Amino acid sequence: MPSFLPTVAKQLFKDIQKTYQEKTKIPDDLLIALRFVFGSCALQALDLVDQRSVTCVSSPSGRRAYQVIGGSGLLYTCYTSCHYCSCPAFAYTVLRRNESLLCKHILAAYLSQAMGLSQQEALSDQQMSSILSGRAARTDT
Amino acid sequence: MADILTLVFRTFNQHNGKPKDFKSIAPSKCSTLVVGDCSVNRSLLILAAVTAASELGLKVSFFTQVQIQSLPGSLQESMSNLSPDNLKKIKFSYPRSLEDLLQDVASLHESASGSAAPPSLIIVDGLEGYLRGPGVSGGLQQAEQSSAAHISALLYDTAAFLTQTLEERAASLAPCRVIASFQSEWEGHAGGDSSDPVLSVLDRYFQVRCTLDQDWNSAPAVAGPQDTWHVYLSGAGITEDPIAKDEEVSSLAREWRLVICPNRSMEFTMV
Ligand SMILES: [Zn+2]
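Chains as they are written, first to last, in the numbering used here: chain A, -13 to 127; chain B, 83 to 353.
Here chain B stands alone, though its shape is the one from the complex (with noise of 0.2 Å):
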């Protein structure tokens, strides 16, 4: 399962703002590939971010093409456990090519040896942005094949390698979690189409898809202009996890509606 979507899910509930039972949600080594429009894709992501450091008190690596310049004041309102010193959690990197952030990603390991310990989360925002950078443009579709791979089975293989090492040193703090965003321009559909060819190779090796669909049916109950988004959760990592075959887990956290306020904030609503 998605643990650390479905905490954010939780915790930014347009109806039950308090009771939040962190508890019931168990830890899940599955990756997850955030599938939809760019920029509700980062916002997603770093909400993930900031939870996972101020609600969980895990550390978090965030690759981003694109510089964060400041929180979302929503978000400052909405989270209780707030502070510099769990946002110090979250270390922000700039990789500019692909090359970089597989190096970037390369390296994590090297942290195992020292006395800091790894993150527990690595996030990477924008794949779209690193998979068709210069050198993979045009019809070297099988290169961006290629390369989706190389980048996914690096994530891949580096969450499973700092997991066995958080598990040593520090169990709370296991396991090591991927989560990235792609955005499919697979004949203009953002919401991602499963004949694209560079999600379908994401796909072999991200065990949960969250889909964004822009909802563009469902009339505002609210004046004024606002986005609404469909979000579901699907892909081995949920049909194959023996908690979610439990009828009602399983109906609960699978879908979700997202409400983009004008003021940015995000609230998720159960479906």
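Next up, chain A with everything else stripped away, as it sits in the complex (with noise of 0.2 Å):
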């Protein structure tokens, strides 16, 4: 998703990365660059991949997506190419007031893919289409 980052948020995503590989934790610099970048998403973020709530699921197109459980229990779905959430924070902060980038959902996406704490799930074609069209992300299967 690129595109839709500003340069100081990727090379944050970048510098995580980097660092998470070599010692397994986010110094505390790192941490209050987040903070300063996404707000209060930060850390609701990074409890959500401390719980392993982000799946990385593909199927045999190629096709990936991510899936991330919310702190209510509810699955949202998550582009792997451009941010849209369908949680009601990204319709009212981002999409209505303009307020912040990303909901807490597509930062933990992130943040699970720079760690490397993403789950994976292999789905069919079938499976991934009602995913991605939204026909099949509240149910919990």
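Keep in mind the hints are simulated off the structure, nothing from the lab.
Predicted model only: the values in this text are computed from it and were never measured.
Don't take each hint at face value.
[Stated by the list, open to error] Taking lysine-lysine and the DSBU-like style, the derived pairs with C-alpha atoms no more than 35 Å apart in a straight line are:
(1) B/111 / A/-4
(2) B/170 / B/111
(3) A/11 / A/0
(4) A/4 / B/111
(5) B/111 / B/171
(6) A/-4 / A/9
(7) B/111 / A/0
(8) B/111 / B/173
(9) A/11 / A/-4
From these two lone chains plus the hints, build me the complex, please.
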């Protein structure tokens, strides 16, 4: 999703990836930077990553997407190439008020990728289609 | 840049009939949103589909709520490469609701596993009809914005995926582009106003906007009723395009005048 992120955020994810690989923890200075760029979303997203709430789903066609279990237990689908989430925070703070870049679910997807902590799951092409269209987003099968 | 639309403008140019040079238009990944009156939008999208299929040999998936009965006669006259085989490259689908449209677009990736090549151009006609369906009417502006983001993001993600697939399988057919149309009803301004909350969401995902404004001032040069429209390209995909930064190219490519003749044929002139 690079074109949807400002340079500072891209660099931040790169730094987190690099240091997390070496030290398996995120040092304080990067945590502060994360909070500075993403606000209160940052800690909530890190919680989601800690709880292994992010799953990278893929199907035989090669298509991929993220599924994130939110704090309320609902399942949200995020795309890999651009920012979208069906949660109310995305609709309100990102789309309507233009106050933030993304919601905690999308941020969790970025962070779990950078830290290598996302679950992997293989789906059929048809299952992938229902997830992408939002039809199957809220079933917990 | 908006390569397919630019090709359309050049192909249906009022003054230079034949010398078309498609090679000079660099293929572009940018998705384009056509914002204008719904019937002119639809005509332009059909023109884009036929041009892409016949002149570039591209496969096109065309989504619309309105049944396309026949191609305009003027089109059949002016396109030299038009043949039934070329027209077969366009697949028309008629999803009736936003849910159906989402499902159809979401399943396009399934063709990447099969033997047939996926489309190189995805066209969605009349987003306003899908976004203002019975479920999302009234004061639910936030729901409408959210739906606009969902379909736009899905189109973006699908095109990004199919571009990758095409590059691996048949590089000459890459990238996969998206062209969609939208009629803004905000404050009764058909040409679209940036304060339209739905349009502002769509603009996040479409890098190029092609605005069609009816030109009431230009006196018709020819006798008889005719429509004149001012067509201009804008957006990050235009201003950040390294090729378009070239002064000459950019001024040539951004503004056009569209004249719709009484026989419904469309003619473009550079402004
Ligand atoms: Zn979210």
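Evaluated hints:
Proposed proximity of residue 111 of chain B and residue -4 of chain A is supported: the alpha carbons are some 21 Å apart, at most 35 Å. Under the criterion of a C-alpha separation no larger than 35 Å, the hint pairing residue 170 of chain B with residue 111 of chain B is consistent with the structure, at around 24 Å. About 14 Å separates the Cα atoms of residue 11 of chain A and residue 0 of chain A, which keeps this hinted pair within 35 Å; it holds. With a C-alpha separation of about 31 Å, the suggested pair residue 4 of chain A and residue 111 of chain B falls inside the 35 Å cut-off, and the hint holds.
As the CA atoms of residue 111 of chain B and residue 171 of chain B are separated by approximately 20 Å, the hinted pair is consistent with the 35 Å bound. With a C-alpha separation of about 20 Å, the suggested pairing of residue -4 of chain A with residue 9 of chain A holds against the 35 Å cut-off. Using a Cα cut-off of 35 Å, the hinted pair residue 111 of chain B and residue 0 of chain A holds, with the two alpha carbons roughly 25 Å apart. About 21 Å separates the Cα atoms of residue 111 of chain B and residue 173 of chain B, which keeps this hinted pair within 35 Å; it holds.
For a cut-off of 35 Å, the pair hint linking residue 11 of chain A to residue -4 of chain A stands: about 19 Å separates their Cα positions.
Every hint from the earlier list agrees with this structure, and none is contradicted.
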